[in-house]
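A.B. asks: If you want the building blocks of each chain, they are given just below.
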Amino acid sequence: MNYQSIRAAYEVPIATACAALSPAVPVFFDNLAASTLTSTSEYVMVNITFGLTTEVALKADFDYVRGAIICRVHTPKGKGSARNQTIIAAITGAFQTLNATPRAAGAGVYARVNQIDGPTFDAPADLPHYIGRFSCGFIASVYT
Amino acid sequence: MARDLKFLVKDLKDVTIRAARTTCVQIMNGLVEAGPGYSGEFSSAWYAVPKGDSPGGPRKASGLYKYDLRNVPATKFQTSGIWYTIVNGAPHADVAMDLTPYVYDPDRPDGKAVKPQTTGYRPANATRGQLTGSKGPNTSTAPKDWWPTYSVGGALSKDLARGFRTGFGKATGFS
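For the protein sequence lines, the chains are L and V, in the order given. Here the numbering used here is used: the first residue of the first sequence is 1, the next is one more, and so on. Here the numbering used here is used: the first residue of the second sequence is 1, the next is one more, and so on.
These are calculated hints, taken from the structure and not from any lab test. Heads up, the beta-carbon is just placed ideally off N, CA and C, and yes, glycines get one too. Treat each hint with caution, since some may be false.
What the hints assert, rightly or not - Pulled a few chain V residues facing chain L out of the computed Cβ check, cut under 10 Å:
id: 1; residue: D98
id: 2; residue: P143
id: 3; residue: D145
id: 4; residue: W146
id: 5; residue: T149
Unchecked claim - Which stretches of chain V does chain L cover? Using the computed rule of at least three CB atoms under 8 Å from a CB of chain L, they are:
id: 6; stretch: 99-106
id: 7; stretch: 153-159
Just need the whole structure built from these sequences, with the hints factored in.
C.D. replies: Structure below.
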């Protein structure tokens, strides 16, 4: 099982989409440095969790893995929701592109996301950020 | 033993309701297993209600709750064409499910957690499960983002299938 290649299949499109924004938005994936959380500027936190990773498949030459992607978009509080939604749209657009990409021949990860839950928005009283959150399930097939 | 065909519709309805109830119980126990458990209050606040209805509050304040069919009364499943949702009615459910940043609860009871705890440091702005490091003043009794992991990571559909199999397996009149 190659968890890292599955992570990369989802993290790279997200990072690329956020880097293409103007200005680019920093993205922090799992196991990030704690100091980033105290920032008051905008950033995106992405957590990828694995659910069922041992499902039996009919064929032996690939692994079938399910899990969840949780994105939290932090933008400065008190400046409206437009920027937050722009960032969310960039990431969900990257997911749509991923879903429309056909499987490459040979070995590799064939990554798909399921329906997106959210976004929901929250502006916690004691915190400097306006937070947009959405999550979706993913299905990845790893061909060896 | 053969059963008169005139009972078919009633039998089908009965077994479908039973399967739905069994599935709810299976899922709610799955949520207890996957979710956090400090006092146990959150684990006791899962309800199956028609979509849009408000759930009740926690059923008890200590120990992990174990659901059975009594928590999902058959009378609630008599109406057809209704969507049911499983929701948590604990006051701090959003925090427990990592949907909003962690907020310290001054009313949180002291004492030993009912589930094993991991320790670490929870930065400001972080959710309940976002602990960094292994040593720190903060604790967590469920992995970060346990809720989406359960609901879309495959465990929910597994519990759903198991609940329906169990519920339909107890059907009478179909042998």
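A.B. asks: Classify the hint on D145(V) as holds or violated, based on whether any CB of chain L lies nearer than 10 Å to its CB.
C.D. replies: holds (5 Å)
A.B. asks: May I ask you to test the interface hint for D98(V) with respect to chain L, counting a Cβ-Cβ separation under 10 Å as satisfied?
C.D. replies: Holds. Min distance 8 Å.
A.B. asks: Under a C-beta cut-off of less than 8 Å, do 3 or more residues of the stretch 153-159 of chain V approach chain L closely enough to confirm the stated coverage?
C.D. replies: Contact hint for the stretch 153-159 of chain V vs chain L: holds, 4 residues under 8 Å.
A.B. asks: How about T149(V): closest beta carbon in chain L under 10 Å, or not?
C.D. replies: With a minimum Cβ separation of about 4 Å from chain L (threshold 10 Å), the hint on T149(V) holds.
A.B. asks: Given as covered by chain L, does the stretch 99-106 of chain V meet the bar of three residues or more with CB within less than 8 Å?
C.D. replies: With 4 residues in contact (Cβ-Cβ under 8 Å with chain L), the coverage given for the stretch 99-106 of chain V holds.
A.B. asks: Please verify that hint: P143(V), Cβ, nearest Cβ of chain L, below 10 Å or not.
C.D. replies: holds (7 Å)
A.B. asks: Under 10 Å, Cβ to Cβ, is where W146(V) needs to be relative to chain L, so tell me if that hint holds or is violated.
C.D. replies: holds (8 Å)
The structure fails none of the hints (numbered hints given earlier).
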